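So the chains spell out like this:
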Amino acid sequence: MSCARENELLETVSAGRWPDGCDEELRAHAASCEHCRELAAMAALFHAEMQDAMRDAQLPSSGLVWWRAQRRARAEAARTASRAITLVQAASVAGAIAFALMIIGGVSVMSESWRTWLPRISEAFSTTWSLPLTIALAVFLTLTPVALYFVLAED
Amino acid sequence: MRIEAIMSDATLSELEASNAEQALPLMDEDTFRRFYERTSRGLWAYLSRMTGDRQLADDLVQETYYRFYRAGASYESETHRRNALFCIATNVMRDAARRRRHAELVPLPEHDLTGDERTASRVEGRTDLSRAMEHLKPMQRQMLWLAYAQGASHHEIAEIFGLKSASIKLLLFRARRKLAGLLQRRAS
Numbered sequence: 044m045s046c047a048r049e050n051e052l053l054e055t056v057s058a059g060r061w062p063d064g065c066d067e068e069l070r071a072h073a074a075s076c077e078h079c080r081e082l083a084a085m086a087a088l089f090h091a092e093m094q095d096a097m098r099d100a101q102l103p104s105s106g107l108v109w110w111r112a113q114r115r116a117r118a119e120a121a122r123t124a125s126r127a128i129t130l131v132q133a134a135s136v137a138g139a140i141a142f143a144l145m146i147i148g149g150v151s152v153m154s155e156s157w158r159t160w161l162p163r164i165s166e167a168f169s170t171t172w173s174l175p176l177t178i179a180l181a182v183f184l185t186l187t188p189v190a191l192y193f194v195l196a197e198d
Numbered sequence: 059m060r061i062e063a064i065m066s067d068a069t070l071s072e073l074e075a076s077n078a079e080q081a082l083p084l085m086d087e088d089t090f091r092r093f094y095e096r097t098s099r100g101l102w103a104y105l106s107r108m109t110g111d112r113q114l115a116d117d118l119v120q121e122t123y124y125r126f127y128r129a130g131a132s133y134e135s136e137t138h139r140r141n142a143l144f145c146i147a148t149n150v151m152r153d154a155a156r157r158r159r160h161a162e163l164v165p166l167p168e169h170d171l172t173g174d175e176r177t178a179s180r181v182e183g184r185t186d187l188s189r190a191m192e193h194l195k196p197m198q199r200q201m202l203w204l205a206y207a208q209g210a211s212h213h214e215i216a217e218i219f220g221l222k223s224a225s226i227k228l229l230l231f232r233a234r235r236k237l238a239g240l241l242q243r244r245a246s
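Top to bottom, those sequences are chains A and B. First residue of the first sequence: 44, per my numbering; consecutive thereafter. First residue of the second sequence: 59, per my numbering; consecutive thereafter.
Bound-form chain A, shown alone:
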């Protein structure tokens, strides 16, 4: 399945020195060794095919390939960055919506509870403390903004 001179033979073929440019001794060995004979024939075929293919190659310049790689790398980086920004934006919007829903839910719960205890307070006011408390509340609501104005204006 293998021969000690296999590598030497393959190097000779890939260097384009087979069969004319190589040692007479290596040629004689290949003639006597079935493995090397088959290997040399196969490698010579591939070598010729490779030379043909390389002659056919019409490649873009290295500068163009470099420029395209750069441009594509930048475009991919931009796409990755914009994907991250979109994710953050989506998370923010989702958070804001969740927060708004929470507030709306909270307000509705509070309004439910107000509906139960506000009438009780008003009942209490109406029976015992109704007039003095109403006056006190009215004075407080009127004077507080005025007092705040003077305090803040002095500052």
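Treat the hints as calculated values from the structure; they're not laboratory data. Heads up, a few of these hints could be off.
[Stated by the list, open to error] Have a look at the derived ranges for each label pair, beta carbon to beta carbon: (1) A:77 x B:96: 33 to 41 angstroms; (2) A:103 x B:152: 17 to 25 angstroms; (3) B:113 x A:125: 40 to 48 angstroms; (4) A:121 x B:186: 48 to 56 angstroms; (5) B:186 x A:60: 17 to 25 angstroms; (6) B:231 x A:71: 18 to 26 angstroms; (7) A:58 x B:242: 25 to 33 angstroms; (8) B:96 x A:118: 24 to 32 angstroms; (9) A:145 x B:113: 57 to 65 angstroms; (10) B:232 x A:125: 43 to 51 angstroms; (11) A:132 x B:157: 30 to 38 angstroms; (12) B:186 x A:67: 24 to 32 angstroms.
[Stated by the list, open to error] Covered, in the sense of this in silico footprint (three residues per stretch, anywhere, with C-beta under 8 angstroms from a C-beta of chain B), are these stretches of chain A: (13) 64-73; (14) 132-143.
[Unchecked claim] With the Cβ distance kept under 7 angstroms, some of the chain B side facing chain A (calculated, not the full set): (15) 91; (16) 94; (17) 103.
Since the model is a prediction, treat every value here as computed from it, not as a measurement. We put the CB at the ideal spot given by N, CA and C, even for glycine.
Could you slot chain B onto chain A? The hints should help.
Using the frame of chain A, we list chain B on its own:
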């Protein structure tokens, strides 16, 4: 080690992803261009003969060098760098074959030789060797090409395919025997 990481399908994707995230300093222009000048013809030959399609080979060359550039790996030697390039090319070819399974890397039956223009350009100039190679499995074709056209050692081929050197010897032997049989049959 980075060169080892680049040698298999999965790790290559991981490496590319991690490099994209970390924004590693990539290969500089001069190094890239010199490397391209040295290797692009051989790479194109490999891709065109393995796919049987010159236009596809043009696209795959571009894709291979782009992935190579994005990998941004450092290499111990020129041989390692070249092996990494061919490893990427082999993966790129495999990806392309998956995408275009109906058209690529499938043995072309003899009666299909006169088809549309694309098929005509595909088969134009095919030699007995390339015709016979179409009856081999893609991996067998690639191994044979790397060994006998590119002059890659068993160890290098093992690196490219992510296999053990010992198994390459046997796989190459079988592929060579099969190809020899096909060529003999064609000749007779």
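- Query: Would you say the C-beta atoms of residue 96 (chain B) and residue 118 (chain A) sit inside 24 to 32 angstroms of each other?
  - Reply: holds, 27 angstroms
- Message: Please check whether residue 77 (chain A) and residue 96 (chain B) have a Cβ separation lying inside 33 to 41 angstroms.
- Response: Because 36 angstroms falls inside the window, the suggested range holds.
- Whether the CB-CB distance between residue 121 (chain A) and residue 186 (chain B) falls inside 48 to 56 angstroms: The hinted range 48 to 56 angstroms holds for residue 121 (chain A) and residue 186 (chain B), with Cβ atoms some 49 angstroms apart.
- Does residue 91 (chain B) pass the interface check with chain A, least Cβ-Cβ distance below 7 angstroms? This hint holds: residue 91 (chain B) lies near chain A, its Cβ roughly 4 angstroms from the closest one there, short of 7 angstroms.
- Task: Evaluate the given range 24 to 32 angstroms for the C-beta pair formed by residue 186 (chain B) and residue 67 (chain A).
- Result: holds, 29 angstroms
- Satisfaction of the hinted span 25 to 33 angstroms by the C-beta atoms belonging to residue 58 (chain A) and residue 242 (chain B): Because 27 angstroms falls inside the window, the suggested range holds.
- Using the C-beta atoms of residue 103 (chain A) and residue 152 (chain B), is the stated range 17 to 25 angstroms upheld? Cβ of residue 103 (chain A) to Cβ of residue 152 (chain B): about 23 angstroms, so the range 17 to 25 angstroms holds.
- Item | Hint status (Cβ of residue 103 (chain B) to nearest Cβ of chain A, threshold 7 angstroms) | With a minimum Cβ separation of about 3 angstroms from chain A (threshold 7 angstroms), the hint on residue 103 (chain B) holds.
- Does the Cβ distance between residue 232 (chain B) and residue 125 (chain A) fall inside 43 to 51 angstroms? Cβ of residue 232 (chain B) to Cβ of residue 125 (chain A): about 50 angstroms, so the range 43 to 51 angstroms holds.
- Check, residue by residue, whether the region 132-143 of chain A contains three or more positions whose beta-carbon lies closer than 8 angstroms to a beta-carbon of chain B, and give the verdict. It is violated, with 0 qualifying residues against the three required.
- Query: Do residue 231 (chain B) and residue 71 (chain A) keep their Cβ atoms within the hinted range of 18 to 26 angstroms?
  - Reply: Check passed, 24 angstroms falls within 18 to 26 angstroms.
- Query: Within 57 to 65 angstroms or not, the Cβ separation of residue 145 (chain A) and residue 113 (chain B)?
  - Reply: Taking Cβ atoms as reference, residue 145 (chain A) and residue 113 (chain B) lie about 59 angstroms apart, which means the hint holds.
This entry does not satisfy hints 3, 13 and 14, going by the numbered hints stated previously.
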